[in-house]
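**Student:** Just need the whole structure built from these sequences, with the hints factored in.
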Amino acid sequence: MAHLNVLYKHAAVTACLFAGNIVALYAQEETPKDYSVKAVYLYNLTQFVEWPPKAFQNARTPLVVGILGEDPFGRHLEEAIEGEENNGRSLVIRKFTTEEKIENCHVLFINLPEASHTDKVLENLEGRSILTVSDHAGFLEAGGMVQLVQADDRIHFQINPDAASEADLKISSKLLRVAEVITVPNEP
Amino acid sequence: MLVNLLTSGAVLLVTCLAFFGYELYTFRQSTLTKLKSLGEITAANSTAALAFNDIDAANELLALLHSEQHIVAAVLFDSLGQTFAVYPLELAESEYPTDPHLTEYGYTGGFLEGAQPVVQGTKFLGTLYLKSDLKALQERFLLYGMVVLIVMGFSILIAYILSQLLSHSISRPILALSETATAISNRQDYTVRAEKHSNDELGILTNAFNHMLGQIQAKDQTLLQFNKNLEKKVAERTLELEISLNEQKETERRLSEKNTALSRALEELHRTKEELINLNNELERRVESRTKEVVAREIEVNAKNHELKKVNIDLDNFIYTASHDLKSPISNLEGLVGILKEELEDVDNPNIHQFLDMMNICTTKLRNTIQDLAEITKVQKNLEEDLELVSFEKVIEDIKEELQITANSTFAVDLKLETKEILYPIHGLRSVLHNLLSNAIKYRSNERPAHITVSTYNEEDNVVLMVEDNGLGIEERHLPRLFSMFKRFHSHVDGTGIGLYIIKRIVENRGGRIEYISKGNQGSIFKVFL
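Sequences listed follow chains A and B, in order. Take the first sequence: its letter number 32 is residue 1137 in the numbering used here, and every next letter is one higher. Take the second sequence: its letter number 285 is residue 288 in the numbering used here, and every next letter is one higher.
Incorrect hints may appear among the rest.
[Claimed, not checked] Taking lysine-lysine pairs in the DSS-like style, the calculated list, with each CA pair at most 30 Å apart, reads:
| no. | chain 1 | residue 1 | chain 2 | residue 2 |
| --- | --- | --- | --- | --- |
| 1 | B | Lys368 | B | Lys330 |
| 2 | B | Lys126 | A | Lys1159 |
| 3 | A | Lys1275 | B | Lys126 |
| 4 | B | Lys39 | A | Lys1275 |
| 5 | B | Lys381 | B | Lys312 |
| 6 | B | Lys403 | B | Lys368 |
| 7 | B | Lys330 | B | Lys313 |
| 8 | B | Lys312 | B | Lys295 |
| 9 | A | Lys1275 | A | Lys1200 |
| 10 | B | Lys507 | B | Lys522 |
| 11 | A | Lys1200 | B | Lys126 |
| 12 | B | Lys530 | B | Lys403 |
Calculated directly from the structure, the hints in this document are not laboratory data. Note that the structure is predicted; figures quoted are calculated from it, not measured.
**Tutor:** Put into structure tokens, the structure is as follows:
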């Protein structure tokens, strides 16, 4: 079953690629198809990031993928992580409504309608080893780490490695090679 | 020379070929390893590109393979097996397998190729295919070939020059040494010495060789001497052994002689033994036959004895009948003679009276004889008489009284009776004593009065009765027939010659015997074992 699921997921990704033009037509509307790709990317990101040991209670502690705000993935994220693991850890999805309740989380996808709210959340999360991901414009400038960007009929991503290293996260150079590295000047 | 060159050339060739082969092998291996590690690196680097569908990044990554000029093709497949990126960009689809199954890196047909997985963590992301040509290998092969050829050429040249140079200084002394050695071993002549050509190692070798020769020569001398001594000793020992062998043979011969003598003696013994056995058998046979003879004789004797007994009985019967039948005619004859004497009393013829008296005497004698014969038969009859305890003194007194009536002279009887009584048939004992005493009186000497001594005593188990007189005695010549019937040795007195016979019969019938001991003409002793 796990294999079939894997195949299914990649099939989805590939289908997406071949249907690049069609996707482009609907790109602006952020169809669920985009989110199926983003869900796979979100999972793939975890493969190239290394968390400090203190981020986990023990070797068996699951890796938690959190969603703050409205969940845009539907069932795609669940499908993407089903049967997968990260360094022997199982993957768990958790949904948060307010940032105060965020705890025991390793990847956080932020999907808040107001940018000011996002800023506040990022400020609060400063110093915690949480990989922050969003597809909102200006996320990196607000202190986020990974921003998914729709461009050239494809989904790219931008990474702010400084923010990640401040959070004690190590991002693989391989990831950096395929990403667009953005350096945000320190706020005054 | 040529041999040296060929040898060194062959050795060099083999060495070079081995080296060449080894180099090629290691080069192939290292090329393979290099391709493998290149694949590893490339696969590791292309994970993110595959994960995030970044074809540009993938192409860029593969383009880096440009620095490896022998890589002719590189293809990245995604996890579904679709071609994701290729190198070089103009690569035709026929140049690589469209089916990206994983295969180990290896040499296939003029190429080195293989495919490996692209994995991030545990996640399979795609496949990397790499293909390399073998130009590097061919270049290396050419290079090595050149090197080998050059090295061999140079080596052989140098070898030739060196051998030319060295043959003079090395080969010649060695050849000389070898010739010397051959000469020595052929002729066994250890006095030869090798000639020394130089003061180098070969000179030292020659010295050593000569020194060795000297030692061998000395040893050879010693050995020869030793051999001679040994031969001498062997000869001596052989002589000793021969002598001792001869001695041994002599001893053996003597022993065998002795042995022969012994066996002869043994044979003799055997023969003697056999003779003895034969003799013994003969003796046994003789004893047996003699025994048979004796038995036969005994049987014969018994038969004769039986016959004699019968004759004896017949004789006894005859005597009894004769004495009994003659009694009445004798009495008639006496009566008739008496009547005749009375009738003829008046006849005055002295001759008639004398004849009549003589007739009377004759008849009386006849009567007495017949009485004695009757006595004998009586004895015969009394043999079965019962035993009773008899006193010697009483019997002797009775007989003495009886004899004093009939005897016409006096006599004296002394008794020395140690044994007083005896268990005996009384008539037998009486008859024995009566006859002995009457004989002693009857045959007394006229020169002296009769004196008789009767003694009894025990001798051994028997009672002995001895009657001794001082009478006439019996002449020596009569003794053998002393106890026979009707034998008389003195004619001047009356007697029938039957007394002693009767005594003998009585005594012998009881198991005893009678002996006569002569005193010459001074008397007789009768010793009776009752």
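**Student:** Looking back at the hints listed earlier, which ones does the structure fail to meet?
**Tutor:** none
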